[in-house]
Structures are given as structure tokens and as C-alpha cells.
Amino acid sequence: MKTLHIFHNSDLKNGVDKTTCTLMVALKKLGVEPIAVVPKSGDVTDYLQSQAIRYRLIPYSCCASRAERAQFKFYGDSFAQLDSLITLIHQESPDIIHINTGHLLHAGIAAAREKVPAIWHIHAPFAEDLSRYEPTVGAGGYIHLLKQLSSQIIGVSADVSKSLSKYLPPDRIKTLYNGIDVEELLRSAKSSSTDIRAELGLSADANLVIGVGRISAQKDFAAFARIAAKVSKLKPDCYFIIAGPRQEPEAIRLLEDEIARGQLSNRLFVLGPRDDIAALAAQSTIFLSTAVFEGQGIAALEAMALDTPPVAMACSGLRECIVHEHDGILVDPGDEDSAVMAIVRLLDDPELAQKLATNARISVVEKFSSREYAKQFLKIADAAIAYGPAVISLQELDLLSGLLGQINNAHLRLLNFEQQTLGQRIKRILWELRQKLKVRI
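The sequence shown: position 91 = 91 (our numbering), numbered continuously.
Treat the hints loosely; a few may be bogus.
Claimed, not checked - Each computed DSS-like pair below joins lysine-lysine, with the alpha-carbon atoms no more than 30 Å apart:
| # | residue 1 | residue 2 |
| --- | --- | --- |
| 1 | Lys-379 | Lys-147 |
| 2 | Lys-2 | Lys-28 |
| 3 | Lys-115 | Lys-355 |
| 4 | Lys-13 | Lys-29 |
| 5 | Lys-367 | Lys-13 |
| 6 | Lys-190 | Lys-29 |
| 7 | Lys-355 | Lys-230 |
If you're looking for bench data, these hints aren't it; they were derived computationally from the structure.
Whenever a hint applies, use it, and build me the whole structure from the sequences.
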């Protein structure tokens, strides 16, 4: 089988891109020929090259921003890159096209044009994924696009699948948990030169609680900071780190406010994006998740695979991956005091922490291995092939392409206008006025 995987970014710090890479490597080990389409060079292309996996670069702007201009560019790019993707699909003749988020509209159209079954991979609850399209086509439009441009739809957790099944055909929705390449994760942790305690000037036996992810409303690191402040009063030898990019200004401000309010400047360290997450997680005492929702929760699973017991708010997605009191501790969403108590409990009871850590590693290996991930994906691919290409009509495809083409033309004209100097703009306006006057005369 030949599979074509459409990426929305080229950043291994992004969970969606990372898990797609994991899937492709696992598929290759099963004898599949995976090929990638990536919007730009970066971590993903470097990784694919190291794994001898073919890829093509087709520029595309996705998920850059939800601002109106970014949406304008998103739809414009959907048209601008459509022909390149159609040509590639025609050349490669894949058996299946795997679209790694719901935001890759051009991939769905191209797959339908070339009559290749398409699998859309949804990594967040429907309402969150909808936000890319809602300002322009609304909920009904997005539902229609997914329904008409898909052969199968993957939800990364039962929670995500349930949110999708309210609006889309349940028989085409499959739950597929992201897989973890445990061996590669262990190699990465062991080969790293990172010593995070030494880097931060902490004692070698200091307890360390880690949070991983984008500083965003979803991850709610302001809550993480409030928990850190309370734990610090009870456990002076406990420190906290956050590893991940600063993404949303308001979430950053809320986090910084809590750090200042709790006087945590020497207690909670915001590290920013890191390439050594595996080492950081392996060297931490506890993994803490304060996320409001997760598609699944890859960072927590990776920490579990590295023998770091998790304490997590039982949000959608993540609550399916941790068994309370067996391989981690779950608390009710928003219950910061219970999270504090859980952390203190693990620090006070090393035997319990070790039991959870051991069970956590076993759980990931048994339930979330990359091999099982690939095997289950192939079953979904077979179902997509049996279903056949997307059912959208040629007339509707022409309509979509035509509308996107007009948006792209308008976007290009706007860019051209903005690049003109003020003097050029005035001259153009005066020229247009003269032309109108001539017509009237």
C-alpha cells in the first residue's frame, strides 16, 4: 500500500506533526510506502530524511492565526496550491490520502478531484476544530465539507469521536489513539546531554514537576502556576518547569501574573520551546497537566513511557489515557486543590510514585505503541478504500475551486495594493478618477 500524508506544519514540537511522523515510520516498518507533503522545510523534513521517507514541499499557510487576514490567506493558499497537490497525487497514485488535521481544505479537494479515498484526522473536539472555518462558512459549512470530502474520519479519542458523531455519519468515524515510539523516546532521553537541575542551579535531589505544551488557553498554565505556589509552601524542595512555545498573548499574561503573584520567579521556570522534551520529562519527578481539553494528550503519554507518573485534570481526551490510581492520578477539571494534594501525596509516598510510574510505562507499551497505531490505521485505510473516494459532485468541486480562486485573486490584489507606496496609491486613485470622469463625459 502507498499512503500520502498531508502535513499542516513542519514542527516536531507540534503534537499533530509529531504523531504523523510516528505513524509514517511505523507504517514503513509494516511494509507500507509512506510519502509526505510538507508546507516548508523544518523539523519534520529533517526527521523524514533521517528515516529515508520521501517528501515533497508544497507551501501552505495553516493555523497561523485566526485573524481575518490570516483566514483570507488560508483560503487563498487553498486555491494557490491546489494544482500542485493534484499533480503530485496524479504522479504518485497513492491508495489513500491521510489529511492530518481538519484545516487542510486543499487536500480534501485534491483527493476528491483525483478520486482517491481520503482520511481526515481530527485531533480536537469538534467545536475547537470548527473555529478555523466558523467565521466564514459556519458550523453547517464545515460539517458539509467534512462529510462530502472524506471517506473515513479519525477521532484521536472516544471524546473527540463522540463530538464528531453528533454532526457526521457515525459509521465513517473511527477512534484511533495516537501511538508512542517508546524505544525512540528512551533513546532520545538517554542520549541527551541535558541536566535540567544543573541548568537551573538546583540541587541534584530537588523534586521537579513538569508541564509541557503551548502557553495557550487550552493548556491553562496559569492554573499550573497557582498549583505550584500552593505546593511550594508545603514542599520547599519542589520546583516546577514549563516547556513549550509562548503562543497566546493573553495566556502568557495570565501565567506571568500568577508567577508574580505567587513570587515564583525562583520556583517556576518557563523554559520556552525545547528540543530535549524527552530528557526533561525523564528527569522530572511528576508530570502535571492542567489542560482544559486534549485531543488525547501525547505529552502525558510520553512522560508515562519515561517512568514519570502523571497528575492530570480529567479533561476530555486525556481522561481516556490515564487509569486513576493505577498509572496516574486524575482530579476533576479545575480542581486545583486536589491537584496540589495529589502532588504532595506522591512526593510523600515514593513507593506509590514508583508503582504508578511502572504501571504507566506498561500501559503505554500495551495500549499506545506505535506498531499498534500503524496496524489500526491500516484497518481504517482498508475501510476508506472499501468506501471509495469522497462523494462530492464534480459540480460542487468546481464551485469550491471557483470561490477559492476568487478569494485568492482578491488576496493577491490586496497584497499588491499594500506594497505600493503612498505616492503610488494616490496616483492610482487619481488615474481611476480621471477614467471615471472620461466615461461620464
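Hints, one by one, checked against the model:
no. : hint               : in the structure
1   : Lys-379 to Lys-147 : holds, 20 Å
2   : Lys-2 to Lys-28    : holds, 10 Å
3   : Lys-115 to Lys-355 : violated, 51 Å
4   : Lys-13 to Lys-29   : holds, 23 Å
5   : Lys-367 to Lys-13  : holds, 23 Å
6   : Lys-190 to Lys-29  : holds, 23 Å
7   : Lys-355 to Lys-230 : holds, 25 Å
Figure legend: structure checked against the earlier numbered hints; the only hint not met is number 3.
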